[in-house]
Amino acid sequence: EPEVTQTPSHQVTQMGQEVILRCVPISNHLYFYWYRQILGQKVEFLVSFYNNEISEKSEIFDDQFSVERPDGSNFTLKIRSTKLEDSAMYFCAGQGAHYGYTFGSGTRLTVV
Amino acid sequence: GENVEQHPSTLSVQEGDSAVIKCTYSDSASNYFPWYKQELGKGPQLIIDIRSNVGEKKDQRIAVTLNKTAKHFSLHITETQPEDSAVYFCAASSMIKAAGNKLTFGGGTRVLVKP
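Top line first, the protein sequences correspond to chains R and F.
Per this note's numbering, the first sequence runs over residues 1 to 112.
Per this note's numbering, the second sequence runs over residues 1 to 115.
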């Protein structure tokens, strides 16, 4: 069964550093998303991406965050200057013509 | 915006018994309600979903019911097995746009099936 692949599985970074989280969606998916889950809290929507542009973003997704799909395959989330509160599990997801999402296994980001 | 509440937060059942998880939502525009299972170290995996034009849907040991009037929906797992142990999330979405149909998640239920 096709999978959404996320790398790395765990990233530790110093506060203030830039991080890039990478995702390889399923090839025939059309819509792409990033969600995050802070330990012990709900899974939260960050951003949706369709037709090479952001279609919706949450209040969390401020100027420190950006997404791109530069080569038609990889879908990346960049955090320019990480803060302690950015520590969370970040999930990439894709969606085809049907309603259901396929999530990746996540990247655990730890900001120290 | 949408708010989804999920109960209970933890659920322990004996193998073979049934498990029921309940969710409520606030936005009457929501019309799509998926349930996800998350095992340790993995991402959420869709196990069943229901759209607002249907009141109930079943897939083997798993069923979901939806009450649009009361704005609540439930997951029912019958004949539970140890491999059903996981965290289960409900979610809601209003699938009215062509793209960017975000999901709003409940807080999750940790299910433990005791052999």
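Derived from the structure by calculation, the hints contain no laboratory data.
Certain hints may be false.
What the hints assert, rightly or not - Pairs of lysine-lysine, PhoX-like flavour, derived with a Cα cap of 20 Å:
1) R:LYS42 x F:LYS58
2) F:LYS42 x R:LYS42
3) R:LYS57 x R:LYS42
4) R:LYS57 x R:LYS78
5) R:LYS42 x F:LYS37
6) F:LYS37 x F:LYS68
7) F:LYS57 x F:LYS114
What the hints assert, rightly or not - Label-pair ranges, simulated between beta-carbon atoms:
8) F:ARG51 x R:GLU1: 18 to 24 Å
9) F:LEU46 x R:VAL12: 26 to 32 Å
10) R:ARG69 x F:SER26: 31 to 37 Å
11) F:GLY41 x R:LEU84: 41 to 47 Å
12) R:LEU84 x F:ASP59: 28 to 34 Å
13) F:THR10 x R:SER73: 38 to 44 Å
14) R:GLN17 x F:GLN45: 27 to 33 Å
15) R:GLY16 x F:GLU79: 50 to 56 Å
16) F:GLN60 x R:LYS83: 21 to 27 Å
17) R:GLU59 x F:GLU5: 19 to 25 Å
18) R:ASP71 x F:HIS7: 42 to 48 Å
19) F:ASP59 x R:GLN14: 24 to 30 Å
20) R:ILE38 x F:SER12: 23 to 29 Å
What the hints assert, rightly or not - Quick look at which bits of chain F chain R covers, simulated, 3 or more residues with Cβ under 8 Å:
21) 38-51
22) 101-108
Predicted, not measured: the structure shown is a model, and the values here were computed from it.
For glycine and all other residues, C-beta sits at the position ideal for the given N, C-alpha and C.
Hint-by-hint comparison with the structure:
For the hint linking LYS42 (chain R) to LYS58 (chain F), the alpha-carbon distance of about 26 Å lies beyond 20 Å, and the restraint is violated. Restraint check for LYS42 (chain F) and LYS42 (chain R): satisfied, since their Cα atoms lie roughly 16 Å apart, inside the 20 Å limit. At roughly 17 Å between alpha-carbon atoms, LYS57 (chain R) and LYS42 (chain R) fall within 20 Å of each other, so this suggested pair holds. Taking the CA atoms of LYS57 (chain R) and LYS78 (chain R), the gap is about 14 Å. The hint holds against a cut of 20 Å.
At roughly 14 Å between alpha-carbon atoms, LYS42 (chain R) and LYS37 (chain F) fall within 20 Å of each other, so this suggested pair holds. Proximity of LYS37 (chain F) to LYS68 (chain F) is assessed by CA-CA distance (about 23 Å); at most 20 Å being required, the pair is judged violated. At roughly 26 Å between alpha-carbon atoms, LYS57 (chain F) and LYS114 (chain F) are farther apart than 20 Å, so this suggested pair is violated. Separated by about 23 Å at the C-beta atoms, ARG51 (chain F) and GLU1 (chain R) satisfy the suggested range of 18 to 24 Å.
Range check, LEU46 (chain F) to VAL12 (chain R): about 30 Å between beta-carbon atoms, so the 26 to 32 Å window is met. Between ARG69 (chain R) and SER26 (chain F) the CB atoms are about 33 Å apart, so this pair conforms to the stated range of 31 to 37 Å. The beta-carbon spacing between GLY41 (chain F) and LEU84 (chain R), approximately 24 Å, falls outside the hinted interval of 41 to 47 Å. For the pair LEU84 (chain R) and ASP59 (chain F), the beta carbons lie near 42 Å from each other, so the given range of 28 to 34 Å is not met.
As the Cβ distance of THR10 (chain F) to SER73 (chain R) is approximately 39 Å, the hint placing it in 38 to 44 Å holds. For the hinted restraint 27 to 33 Å between GLN17 (chain R) and GLN45 (chain F), the CB-CB distance of approximately 32 Å keeps it satisfied. Remark: the range hint 50 to 56 Å for GLY16 (chain R) to GLU79 (chain F) is upheld by a beta-carbon distance near 52 Å. The hinted window of 21 to 27 Å between GLN60 (chain F) and LYS83 (chain R) is violated, with their beta carbons roughly 45 Å apart.
Separation of GLU59 (chain R) from GLU5 (chain F) is about 20 Å and conforms to the stated range, judged on CB atoms against 19 to 25 Å. Checked against the given bound of 42 to 48 Å, the beta carbons of ASP71 (chain R) and HIS7 (chain F), roughly 44 Å apart, stay inside it. Checking the proposed 24 to 30 Å range against ASP59 (chain F) and GLN14 (chain R) shows it is violated: the Cβ atoms sit about 46 Å from each other. At roughly 25 Å, the beta-carbon separation of ILE38 (chain R) and SER12 (chain F) lies within the given 23 to 29 Å, and the hint holds.
Coverage of the stretch 38-51 of chain F by chain R holds. Counting CB-CB distances below 8 Å, 8 residues qualify, and the rule asks for three or more. Only when three residues or more bring their CB closer than 8 Å to a CB of chain R does the claim for the stretch 101-108 of chain F stand; here the count is 8, and the claim holds.
Violated hints, listed in ascending order, are 1, 6, 7, 11, 12, 16 and 19; each of the other numbered hints is respected by the structure.
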